[in-house]
Amino acid sequence: MTCPLLEYRDGDDDHSFDVARAYCTAVDAFVQPMRADVCNDRYDLHHADDCEFYRAHADDRTASANADDDASDANDDASDADDTGADA
Amino acid sequence: MTYDDYLAGEPVIVTAALTGGVHGKEANPNLPETPEEIGRAAAAAEAAGASVVHLHARRPNGERSFSTERFQAVTDAVREQADDVIVQHSTGGTGAPDDVRHQPLRTDPPPEMASLDMGPLNRYEHLTSENTRALVDSLLAEMHDRGIKPELEVFNDGHLNEVRGLLERADLADPAYATLIFGGGTLTPPRPGNLLNAVRNLPDGAAFNTLGFGRHQLPFATLGVLLGGHVRVGLEDNVYRDRGELAESNAQLVERVATVAETLGRPVASPAEAREILGL
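Line order of the protein sequences matches chains A and B.
If you read the first sequence in my numbering, its first letter stands for residue 1, the second for the next number, and so on.
If you read the second sequence in my numbering, its first letter stands for residue 1001, the second for the next number, and so on.
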């Protein structure tokens, strides 16, 4: 499976290419050609195992999701507190 | 090869690593990627003093290709545009399966030389190139069948043991030719003492080439010249001419190291001289 963070672009503010090249949306930079094999899961390479940028991005997403869960729990607690107050 | 070879003013073989497969135009827009660009770069590097060109092949979008077809296009372009330069194909490939690693050897005509990684190495955070002995032996066997001289790539001191082992179990034409490579990851750290140590541990009669990645390219090439070795430069290994200043071309890097060698009293070898030195 190709990395979901991979796009092919023909340029950015600093580059312009005749043929669209691999671009990593996690780090906002064009990918080195060898790394593009990791992005595309070519040969024996796999983005989820071999790409530190994907892993860091996945860790960030997990941390963000956990933070959202914590925030949701806090709201639930507040709601419970309100309910308790109403009961009083 | 020793300091005596330096004192004797023996010619230096300059290898130009023109394109590679790790980085590309995103790192330096002057880096040649297409066969046409690589052919032009080979001719310019030869004119600047290179007698060997180390070649990789790429897809149109710059990504790595190991296919015989792509290598054929590159080597055809080099032979059309350069004069007499020695063609050396890479068989390296982090993560690439063993069968595709053989494909660069199967052009017509075959390259005069091809690289042979001498063992495992790590790159980046998670990438490992296994380079098992089985793969090394199978690549060497095909090189032997096709009349290709191996360039033994020594990425760390343990690979020197592998060179000795290879010489014991395989029949290599003299001289064995080893490239001593210095950089990050599991490569030997780029410090001058480590080059001296590696040279001391080469098998008797072996010739050596010196490769330092990045900013270590010029100093390690200079050390190689002083120690009687040969040198590899080029945009595959270093995209800068100076700190923060991108190199204009492979030829610029070749010309600079040729000037260093000649200033130190060693002329650069012509392709014909390089063939004689390498026993091609």
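If you're looking for bench data, these hints aren't it; they were derived computationally from the structure.
Be careful, since some hints might not be right.
[As the list claims (entries may be wrong)] So, partial list: chain A residues that the calculated Cβ filter (under 8 Å) puts toward chain B:
hint, residue
1, Ala22
2, Met34
3, Asp44
[Stated by the list, open to error] 20 Å max Cα-Cα, derived EDC-like pairs, lysine to aspartate or glutamate:
hint, chain 1, residue 1, chain 2, residue 2
4, B, Lys1025, B, Glu1262
5, B, Lys1025, A, Asp60
6, B, Lys1025, A, Asp44
7, B, Lys1025, A, Asp28
[Said to hold, decoys possible] Label pairs and their calculated CB-CB ranges:
hint, chain 1, residue 1, chain 2, residue 2, range
8, B, Ala1134, A, Val27, 49 to 59 Å
9, B, Asn1197, A, Tyr43, 32 to 42 Å
10, A, Thr2, B, Gly1165, 35 to 45 Å
11, A, Ser64, B, Arg1133, 41 to 51 Å
12, A, Arg9, B, His1126, 23 to 33 Å
13, B, Asn1122, A, Asp18, 31 to 41 Å
14, B, Ala1170, A, Pro4, 19 to 29 Å
15, B, Arg1164, A, Thr62, 25 to 35 Å
16, B, Glu1130, A, Ala48, 33 to 43 Å
17, B, Asn1197, A, Val19, 37 to 47 Å
18, B, Gly1279, A, Thr25, 43 to 53 Å
19, B, Thr1132, A, Thr2, 22 to 32 Å
20, A, Ala29, B, Asp1098, 51 to 61 Å
21, B, Pro1060, A, Val27, 17 to 27 Å
Backbone N, C-alpha and C define an ideal beta-carbon position, used for all residues, glycine too.
Cβ separation of B:Ala1134 and A:Val27, checked against the hinted range 49 to 59 Å:
Between B:Ala1134 and A:Val27, where Cβ atoms are some 36 Å apart, the hint is violated.
When the least beta-carbon distance from A:Asp44 to chain B is tested against 8 Å, hint result:
For A:Asp44, the interface hint holds, since the closest Cβ of chain B sits about 5 Å away, which is under 8 Å.
Against the range 19 to 29 Å, how does the distance between the Cβ atoms of B:Ala1170 and A:Pro4 compare: consistent or not?
Between B:Ala1170 and A:Pro4, where Cβ atoms are some 46 Å apart, the hint is violated.
Given a hint of 41 to 51 Å, does the C-beta separation of A:Ser64 and B:Arg1133 actually sit inside it?
holds (46 Å)
32 to 42 Å as the expected CB spacing between A:Tyr43 and B:Asn1197, which holds or is violated
holds (34 Å)
Beta-carbon spacing of A:Thr2 to B:Gly1165 - inside the hinted bounds 35 to 45 Å or not
holds (40 Å)
Indicate whether the distance between the beta carbons of B:Asn1197 and A:Val19 respects the range 37 to 47 Å.
holds (44 Å)
At the C-beta level, are B:Gly1279 and A:Thr25 separated by a distance inside 43 to 53 Å?
Given a distance of about 51 Å, which is inside 43 to 53 Å, the answer is holds.
Take the C-beta atom of A:Arg9 and the C-beta atom of B:His1126, compute their distance, and say whether it sits inside 23 to 33 Å.
Holds, at about 25 Å.
Proposed proximity, A:Asp60 with B:Lys1025 (alpha carbon, max 20 Å):
Given that 20 Å is the threshold and the Cα spacing comes to 30 Å, the pair is violated.
Range hint 31 to 41 Å: satisfied by the CB atoms of B:Asn1122 and A:Asp18?
holds (33 Å)
Below or equal to 20 Å on CA atoms is what counts here, so check B:Lys1025 against A:Asp44.
violated (25 Å)
Hint check: violations occur at hints 4, 5, 6, 8, 14, 15, 16 and 20; the rest are consistent with the structure.
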